[in-house]
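Respectively, the protein sequence lines represent chains A and B. Position 422 of the first sequence, counted from 1, bears residue number 422 in this note's numbering, the numbering being contiguous throughout. Position 76 of the second sequence, counted from 1, bears residue number 76 in this note's numbering, the numbering being contiguous throughout.
Simulated from the structure, these hints should not be mistaken for lab results. Keep in mind it's a predicted model, so treat the numbers as computed, not measured. Don't take each hint at face value.
Cross-link-like lysine-lysine pairs, in silico, DSS-like; alpha carbons within 27 angstroms at most [as the list claims (entries may be wrong)]:
(1) K366/A x K17/A
(2) K217/A x K24/A
(3) K271/B x K366/A
(4) K271/B x K217/A
(5) K204/B x K217/A
(6) K17/A x K200/B
(7) K248/A x K12/B
(8) K38/A x K143/A
(9) K24/A x K412/A
(10) K362/B x K217/A
(11) K413/A x K181/B
(12) K338/A x K204/B
(13) K51/B x K412/A
(14) K320/A x K12/B
(15) K350/A x K181/B
(16) K350/A x K200/B
(17) K296/A x K248/A
(18) K17/A x K204/B
Computed spacing ranges between beta-carbons, pair by pair [what the hints assert, rightly or not]:
(19) E115/A x K201/B: 49 to 57 angstroms
(20) D71/A x D170/B: 31 to 39 angstroms
(21) T79/A x K201/B: 35 to 43 angstroms
Where a beta carbon is used, it is the ideal one built from N, C-alpha and C, also for glycine.
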Amino acid sequence: MVNPSDIIQAGEHVLIKMPSDNVKCVVLNAGSTISLGKFGSFKANDIIGHAWGNSYEIYDRDNKTRVYHPDDMNEIDETANNNREIVDDGASQKLTSEQIKALKNEGLKGELTGEEIVNKLKESHATFDKKTAYSQAKYLQKKGKKFHKVFTPIKPTTYSLNEYFYIKNPAKIRDIRMDTLSQLLSYSNVHAGAKLLVVDDTQGMVVSALAERMGGKGTILGLYDGDSPHYDIVKYMNFDQETLNSIKTLAWGRIHRPVGEKTPDELQDVTQLTGKDLEGYHRRLKAYNIVEESRKILFEGDFDGLIIASQYQPESILEKLLQYVRGSRPVVVYHTYKEALLETSTWMRKSPDLLAPQITESWLRKSQVLPGRTHPEMSTWGTGGSLLTATKVIDFPVQAALTKRERLAIEKKNAEAKKLKRAREESEASGSEAVEATTTTADTTTSTTTTTSTEEESKEDDERSSKRVKQE
Amino acid sequence: MSVVQQSFATYKENNTIEDGDLVVVYLARENMSIIRIKDGEYFNCKFGSYKHSDMIGLEYGTKLGSNTGRGFLYLLYPTPELWTQVLPHRTQILYIADISFVMNFLNLKPGMSMIESGTGSGSFSHSIARTIAPTGHLYTFEYHQERVNAAKKEFEEHGLSHMVTLQCRDVCKDGFNMENKVDAVFLDLPAPWEAVASAKKAFKQDKIGKICTFSPCIEQISRTVTALSDNGFVDIQMYECLIRFNEIRVIPMWTIEEAMEKQRAIEKKRKRALPRVLREPAAAADEQEEEEAKKIKIESADDSNVSSAIGTPSSTTGSEMDEGVQVKSETATPSVPSTPILSSETASPSTSSDPRERIDPKNVMVTRLPVEQRGHTSYLLFATFTPATQPPNLTQQNAAKKA
Chain A
1 MVNPSDIIQA GEHVLIKMPS DNVKCVVLNA GSTISLGKFG SFKANDIIGH AWGNSYEIYD
61 RDNKTRVYHP DDMNEIDETA NNNREIVDDG ASQKLTSEQI KALKNEGLKG ELTGEEIVNK
121 LKESHATFDK KTAYSQAKYL QKKGKKFHKV FTPIKPTTYS LNEYFYIKNP AKIRDIRMDT
181 LSQLLSYSNV HAGAKLLVVD DTQGMVVSAL AERMGGKGTI LGLYDGDSPH YDIVKYMNFD
241 QETLNSIKTL AWGRIHRPVG EKTPDELQDV TQLTGKDLEG YHRRLKAYNI VEESRKILFE
301 GDFDGLIIAS QYQPESILEK LLQYVRGSRP VVVYHTYKEA LLETSTWMRK SPDLLAPQIT
361 ESWLRKSQVL PGRTHPEMST WGTGGSLLTA TKVIDFPVQA ALTKRERLAI EKKNAEAKKL
421 KRAREESEAS GSEAVEATTT TADTTTSTTT TTSTEEESKE DDERSSKRVK QE
Chain B
1 MSVVQQSFAT YKENNTIEDG DLVVVYLARE NMSIIRIKDG EYFNCKFGSY KHSDMIGLEY
61 GTKLGSNTGR GFLYLLYPTP ELWTQVLPHR TQILYIADIS FVMNFLNLKP GMSMIESGTG
121 SGSFSHSIAR TIAPTGHLYT FEYHQERVNA AKKEFEEHGL SHMVTLQCRD VCKDGFNMEN
181 KVDAVFLDLP APWEAVASAK KAFKQDKIGK ICTFSPCIEQ ISRTVTALSD NGFVDIQMYE
241 CLIRFNEIRV IPMWTIEEAM EKQRAIEKKR KRALPRVLRE PAAAADEQEE EEAKKIKIES
301 ADDSNVSSAI GTPSSTTGSE MDEGVQVKSE TATPSVPSTP ILSSETASPS TSSDPRERID
361 PKNVMVTRLP VEQRGHTSYL LFATFTPATQ PPNLTQQNAA KKA
């Protein structure tokens, strides 16, 4: 049984990785030809219906494609060569730039394969044989990236889209990097069936990631400002209808029904409407119902998490939304700038509703892995944003009942007091000597004092417990 | 006991602690433990004794005060993230940075099936199970019988056993014995290269698959890369991921002018300690008035210790001082002192008022990383399993669509 999401479908967004390692995002319309610039073009139909995961080579004159299997990685056999004799004078390559251009054109027309071009370059390179084995491999790899005509369709997922946008336009997703986003997902404990409250200003990157992890089960309520939610990235994810339906939105300005706002039914009498007016009524009714539904979801509360990746001050959002989150649920705040979270963290520390706020930053490094040539890449990603996480708790301190020992101690004390009282009553009744009476009175006084002090203590305890807002 | 078994994979519908439930007891960030609620039992810690029966009926997240009123704790719902922090270690475990990155890279989501080897202490297993629930399945392998037994018990107790298959098996020697079954493979083994060929068979053959191996040493990576490449895996990539926990502090920032002003105040006070005869008469008369105004401020001559004064953080006394200065400038007309030391003071900007000894500095909020932090966990090596080129059913589907 093949799952439709495992094969490339017509009309979907697809990321195309090119030999240069650049990635291009295209819509794969049936019958269309997709241009990859200097790497040629291919017909969408040639890959539609195929499983994801293969690479394709463009060959021949008619933009034909065939599945391409890269060669196995091989250990490099060391040679005695070194770069002592190699002079960087730009004269090693005997082909002129015009000749190379001509080769490239032939390649584009499909008369030459990328491999053939690279071989020609290699053959006319005067000092290629003098290069070290590592240098030769590097040369071929570098030229291959320029002249090979191999592309790989990549399925848009949280990771691949995040990487694509992080490299192409990090500002669009507020610099949230793959590792930071992955930690956001972990900290938010997102899973199928969760009900999440989200404020996402990363063009829907966060909402998409959460929705993918929920697989259409559960609800995401996203609060947005402006005319409409800007969840651009959601559309790249090729979500099924069930997943799309799990994403609900509500404008900040519409959380509360504006005073005097009328329902579509109050505005118009549906029985009197015809034609365009009726269509308009139905449109308004639909929009009205969507807002009503989202409001209902919000006011029902009981959210399983609050995730904020907003440009607005996080405290101001927390003040409004924290009340709708259940106890023992995560609150995760993402921000491009760590400094912007410092005040929020201090605010959280003071809030009795939040436990253990923590600011984290992630560090990620990629390495080149080739047999005998493994090392970290020369440049790495600097920024990836910061996370502030905490747990919503219920600030309604419940005082534990007394332990058995304490209960027994109190019972004993009560019993003694009772006994004493009885003794006093008895002595009063019998009307005994003055001396005895005095002793009893003294005893009573002492016991009264004890009671008072106990009361005071318990009062102190109460005060202490009410003061115990935060120990940390 | 609750009717539906509580699970790490999802929250409870009513979010209420019931008899038989698991609760993570939070005392401090570094002091958490997991307990199973049983009526009649106690949870004891240095802050007091807590009755389980007091916890029953409370909502998760509730703050529970101890009977002595001295301490309190939070009752949290068990999640895979908390489990990682409280689980009994039987092996080295994976932490949130690696767990999160691997799950993201492998594109884990509900409904996926996955292989994990070895199970170890089950830290990662819990996160995987939560993420692929309710329809996914985790096949986890461990060759150590004791660990298998412990993990099996935990999966059962944590409501995960219906979606986790645990086997005691040396996968390097005997393979996974699985074919065409999974979407992703994670290998945390001493010699992952020995399991690569068998892992290849376990992948669903007509779709893309992702594999990750987790090794602390670069030599292990080297051998695994060769094995992956020999077995036709492509797009081999390696990452390292670390997480840094920031601590927030507020530090005072005195300006150099403020520091100098403080110094002048101290010097002035020192001078006052000189016998009256050694002082300039005009200045002495002036100082008499000053002393009256400042009586409240000056507590003892010992305060003149410079370093301690600088080390004093801001406090409410600062504002009192400002008032004192105001009073002084009203009562005493500023004199022009003739001694060389005092004349140097006149040159300073604050001629009209006395130099302040205690100054409220500007406070700056800063972050600090721990002195010692994790520098390396393991290398994360990823590769892609490529599907069979043209699975027959797909071609047929394609042809049918076109027709």
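| task | Starting from K17/A, check that the Cα of K200/B is at most 27 angstroms away, please. | result | Satisfied, since the Cα-Cα distance of roughly 24 angstroms is no more than 27 angstroms.
| query | Going straight from one Cα to the other, do K271/B and K217/A come out at no more than 27 angstroms? | reply | Not satisfied, since the Cα-Cα distance of roughly 79 angstroms exceeds 27 angstroms.
| said: For K296/A and K248/A, compute the direct alpha-carbon distance and say whether it is at most 27 angstroms. | reply: 11 angstroms, holds
| Keeping to a limit of 27 angstroms between CA atoms, is the pair of K51/B and K412/A held or broken? | Distance ~21 angstroms between K51/B and K412/A Cα, so the pair holds.
| field | Verdict for D71/A, D170/B (Cβ pair) under range 31 to 39 angstroms | value | Cβ of D71/A to Cβ of D170/B: about 33 angstroms, so the range 31 to 39 angstroms holds.
| query | Keeping to a limit of 27 angstroms between CA atoms, is the pair of K24/A and K412/A held or broken? | reply | This hinted pair is violated, its Cα atoms lying about 81 angstroms apart.
| task | Could you grab the alpha-carbon distance between K17/A and K204/B and see if it respects the 27 angstroms cut-off? | result | 23 angstroms, holds
| task | With a cut-off of 27 angstroms on the C-alpha distance, tell me whether K38/A and K143/A pass. | result | Measuring from Cα to Cα gives roughly 13 angstroms; hence the hint holds.
| field | Hinted pair K350/A and K200/B, Cα distance within 27 angstroms | value | Measuring from Cα to Cα gives roughly 53 angstroms; hence the hint is violated.
| request: Mind checking the alpha carbons of K204/B and K217/A for me, to see if they're no more than 27 angstroms apart? | output: Holds: K204/B and K217/A sit about 25 angstroms apart, inside 27 angstroms.
| message | What's the verdict on K320/A and K12/B, does the C-alpha distance respect the 27 angstroms limit or exceed it? | response | Judged against 27 angstroms, a Cα distance of about 25 angstroms means the pair holds.
| When you check the alpha-carbon spacing of K413/A and K181/B, does it fall within 27 angstroms? | The given pair, whose Cα atoms are some 70 angstroms apart, is violated under the 27 angstroms limit.
Going through the hint list in order, the structure does not satisfy hints 2, 3, 4, 9, 10, 11, 12, 15, 16, 19.
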